[in-house]
Structure formats: structure tokens, C-alpha cells
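Chains B and L, in that order, give the protein sequences.
Under the numbering used here, the letters of the first sequence match residues 1 to 227, in that order.
Under the numbering used here, the letters of the second sequence match residues 228 to 307, in that order.
Don't read these hints as lab results, they were simulated from the structure.
Only pairs whose alpha carbons sit at most 30 Å apart, straight line, appear in this in silico DSSO-like list of lysine-lysine: (1) K291(L) x K76(B); (2) K237(L) x K105(B); (3) K183(B) x K237(L); (4) K302(L) x K66(B); (5) K238(L) x K191(B); (6) K191(B) x K227(B); (7) K40(B) x K76(B); (8) K267(L) x K64(B); (9) K22(B) x K131(B); (10) K193(B) x K117(B); (11) K121(B) x K153(B); (12) K105(B) x K121(B); (13) K227(B) x K121(B); (14) K29(B) x K193(B); (15) K237(L) x K64(B); (16) K64(B) x K229(L); (17) K302(L) x K290(L); (18) K112(B) x K246(L); (19) K105(B) x K246(L); (20) K153(B) x K131(B); (21) K282(L) x K64(B); (22) K237(L) x K302(L); (23) K153(B) x K290(L); (24) K183(B) x K246(L); (25) K191(B) x K105(B); (26) K76(B) x K153(B); (27) K66(B) x K291(L); (28) K2(B) x K29(B); (29) K66(B) x K280(L); (30) K229(L) x K267(L); (31) K191(B) x K64(B); (32) K156(B) x K290(L); (33) K290(L) x K183(B).
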Amino acid sequence: MKSSVITFPGSNCDRDMDVALKKFGFNNKMVWHNDNELPKSDLVVLPGGFSYGDYLRCGSMASKSKIMQSVINFAKSGGLVMGICNGFQILVETGLVPGVLLRNKYLEFICKNVFVKLDNKDNPYFKNLDKDIFELHIAHNEGNYFCTDDQLKEIKDNNQVAIYYSNNKGQIDENSNPNGSIKNIAGIFNKEKNVLGMMPHPERMIDQSLTGEDGSIFFKNLINNIK
Amino acid sequence: MKVSAIITLKKDVLDPQGKVIHQTLDGMGFKDINEVRQGKYFEIDVKENDPTKAKGIVEDMCKKLLANLVIENYKIIETQ
Numbered sequence: 001m002k003s004s005v006i007t008f009p010g011s012n013c014d015r016d017m018d019v020a021l022k023k024f025g026f027n028n029k030m031v032w033h034n035d036n037e038l039p040k041s042d043l044v045v046l047p048g049g050f051s052y053g054d055y056l057r058c059g060s061m062a063s064k065s066k067i068m069q070s071v072i073n074f075a076k077s078g079g080l081v082m083g084i085c086n087g088f089q090i091l092v093e094t095g096l097v098p099g100v101l102l103r104n105k106y107l108e109f110i111c112k113n114v115f116v117k118l119d120n121k122d123n124p125y126f127k128n129l130d131k132d133i134f135e136l137h138i139a140h141n142e143g144n145y146f147c148t149d150d151q152l153k154e155i156k157d158n159n160q161v162a163i164y165y166s167n168n169k170g171q172i173d174e175n176s177n178p179n180g181s182i183k184n185i186a187g188i189f190n191k192e193k194n195v196l197g198m199m200p201h202p203e204r205m206i207d208q209s210l211t212g213e214d215g216s217i218f219f220k221n222l223i224n225n226i227k
Numbered sequence: 228m229k230v231s232a233i234i235t236l237k238k239d240v241l242d243p244q245g246k247v248i249h250q251t252l253d254g255m256g257f258k259d260i261n262e263v264r265q266g267k268y269f270e271i272d273v274k275e276n277d278p279t280k281a282k283g284i285v286e287d288m289c290k291k292l293l294a295n296l297v298i299e300n301y302k303i304i305e306t307q
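Can you build the whole structure from these sequences, using the hints too?
Here you go:
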């Protein structure tokens, strides 16, 4: 299975993602933001980081970079595109997934492990997973998911919520919401479910020495789903 | 000619920075504040001297990059 990780100026989780993808069997290529064409890929990942120094709005500059037209075409033709953290911010700026990511409610950079509850397994990312609650890492300043009432209705009607912030029992409430995200939304799909944006970093949970291995479960399942 | 654009958060979007600025101003003795909202200001020198056309170019920039219309409004001001 072939994957591509896009490196933007300021990406800093691109190599972590490369390590994770290779560990679970992907033949991964790193792709520079200024390239025109994506290599042949089964999965494209927009990694975390601070692309373009978070200038203007997080992800806004990266969403206009050269390679993105090719990524957008790939996504629109049904290809799997996953954006993690800053990658999620880039995805919302392209309009591939609805909403925006605002500054965290309490203006703090948050760096900690959280629990998330899967909402929807009828998609190539989560199908066949037998776990519903995952412990993953977040590290962001702008992860406060926001959308208009109309968008929220559409998101709900189309089952586009991928994951919610929850506690370790899967309870979704204000106490388990780290950043003020509307309805505790931590990750979201496009309508067709081939594009996934999420704030938590599965690539940071792929080894016991990295405080957990729930990310391993995610990647192992993902490659099996794509095969 | 120079065209300015002001980007502001829409009314129902939470502005935590504005809130903190409000609280700080209040603490400094500025007690007559209802609300503070923080925004962005751009001054763009475009290679176009027709005011309508110049404003149109900057408006296009606002729609495509400078503002995110899910959360922000923009206002174009012709400066000189």
C-alpha cells in the first residue's frame, strides 16, 4: 500500500507520520509542498506542525500551496486523505471538510493525552475496529472546532462526525472537552467519508514508550482496510 | 492604489482574545466597555488605479484567502 506525506514549510510531524506509516506496512513517500503532482498513492496524509508559521490563520497558506490542487483532485476522485492537527486545519481551509478551527477556548496551548470516542465506523478509516474509545495525544493552540448551525445540521444528517472528545468511559461532556470544540467534535469526515480531519495524533501512540499504543491499533486496521 | 480591508469575527463566534482584552482594559480602569472584538487590518497596494476595480481585486482576495467566511466578515475601505 502506497502512502504520501506532504511536507509544508513548518510541518513538524511529517517524519513521525512517516515512521508510523512504514512501521505498519505502508510504502511511504515524502512529498514537498511545491511539487505539482502526487505520486501514485492509496493514502495521502497532511501532517501536524505549524505550516507557514500559522500566519493569517492556521493552515490557510498551506491550503493554497502548489501540491494542494493535486491533493484536492485526489480527494474529489475518492482518494483517502487524512489531515492530522495542522493537517486538519489545512483541510478545513481547502473546504474539503466543513467548519473551522478556532483558538482554544482558554487561550492555552494544550499538550496532553485525551480520550476520544468513535462515532461512525461506516468508513474506510474505522471499519472493523472493535474498540470505540481511543487514548490519543493532542498538541495544539487552535483546535476549537466551530461550524455554523446549518453546517452542524448537515454534519449530523450525514453522520460526518468521526470522533468526539470523551472520558475514558466514552462519556461525551463538557468536562472531557479540552478546547471548547462545538459538541466535543475532535474529528470530522467529508460527506463521502474518504477525507478525515482530526486534531489528535495517532502517530504519537505507536509504541509503549510513547505512553500508549492506541495509534498502532488505528494504523494496523487502516492498512488492512485499504488492502 | 492602496486599498484596506478589515476582517472581523462574525457576531456569534467566540472571541476569547477580545474577552481577555476586555477584562484587562476593565482592570486598568476602563469601566465603560460593553464588548471588545479583535480583528485584522490589511493595507494592500494594488497595481490598479481605478477605485472600483482596485476594490474588486481586494474583495476577491478577501473571499479567497484573507477571510474565512465561515467565521469572519470583511469590509473594504478605499484609502488613497
